[in-house]
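With the hints as your guide, set chain B onto chain P.
Each chain, written out:
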Amino acid sequence: NAGVMQNPRHLVRRRGQEARLRCSPMKGHSHVYWYRQLPEEGLKFMVYLQKENIIDESGMPKERFSAEFPKEGPSILRIQQVVRGDSAAYFCASSPPPGTSGSGELFFGEGSRLTVL
Amino acid sequence: QKEVEQDPGPLSVPEGAIVSLNCTYSNSAFQYFMWYRQYSRKGPELLMYTYSSGNKEDGRFTAQVDKSSKYISLFIRDSQPSDSATYLCAMKKGVQGAQKLVFGQGTRLTINP
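Residue numbers (my numbering), protein chains in the order written: chain P, 1 to 117; chain B, 1 to 113.
The shape of chain P in the complex, shown without the other chains (with noise of 0.2 angstroms):
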């Protein structure tokens, strides 16, 4: 039973350049939430999704910053024109919908570190 899976684990960029961060939710999952981790420092909720649909994107850099999760395939966490303070980690978590079994729980990837050069 694969987990969330997030790719890629290691990414460099160059400021100006962009950045993608995909994210397949665990089976049977169709919730799906991006965090990001500035270096010591905890997770911050940047965005909530579900297919097709963005719930909540409070948390989102007003600009530079989008997400989606289409009908068919992974959730994509997208970053135009990176600078340096992007420099992170961005984590992904899926959960259950909401009213069934362990829907309170939220189950994160393994990350992927974005370094911007």
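Treat the hints as calculated values from the structure; they're not laboratory data. Where hints are given, some of them may not hold.
Lysine-lysine pairs mimicking BS3-like chemistry, simulated, CA-CA at most 30 angstroms apart [stated by the list, open to error]:
| id | chain 1 | residue 1 | chain 2 | residue 2 |
| --- | --- | --- | --- | --- |
| 1 | B | LYS67 | P | LYS44 |
| 2 | P | LYS51 | B | LYS42 |
| 3 | P | LYS71 | B | LYS93 |
| 4 | P | LYS51 | B | LYS100 |
| 5 | P | LYS71 | B | LYS56 |
| 6 | B | LYS56 | P | LYS62 |
| 7 | B | LYS70 | P | LYS27 |
| 8 | P | LYS51 | B | LYS93 |
| 9 | P | LYS27 | B | LYS67 |
| 10 | P | LYS71 | B | LYS70 |
| 11 | P | LYS44 | B | LYS93 |
| 12 | B | LYS67 | P | LYS62 |
| 13 | P | LYS71 | B | LYS100 |
| 14 | B | LYS100 | P | LYS44 |
| 15 | B | LYS93 | B | LYS67 |
Here chain P is said to cover these stretches of chain B; the calculated rule only asks that three of the stretch's residues, wherever they fall, bring their Cβ under 8 angstroms from a Cβ of chain P [claimed, not checked]:
| id | segment |
| --- | --- |
| 16 | 11-17 |
| 17 | 41-55 |
We put the CB at the ideal spot given by N, CA and C, even for glycine.
Only chain B this time, still in chain P's reference frame:
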């Protein structure tokens, strides 16, 4: 002021010691409380999940919540070197299933053999 405050440590104790990890919070709307363990270069994994004041025990781990003081704790008994990790408290408002968690900074714990 941060919504959730957690001493970042680092905390280093000998094997077998009782470890106490703590978080305070400022928003009384938080209703659900969690502790996550994060090994280096890995994702967080859920250790404990509670929603009421009081104690919840699971093996060597005990989670304690005091909503009146806005204070939560995680106790680890008979600590082992394999417990060495960063421990993150997390909490959320609202109904189950809406997982917009607010995390503490994390406490880095080392258990020395």
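Hints not upheld, ascending by number
5, 6, 7, 9, 10, 12 and 16
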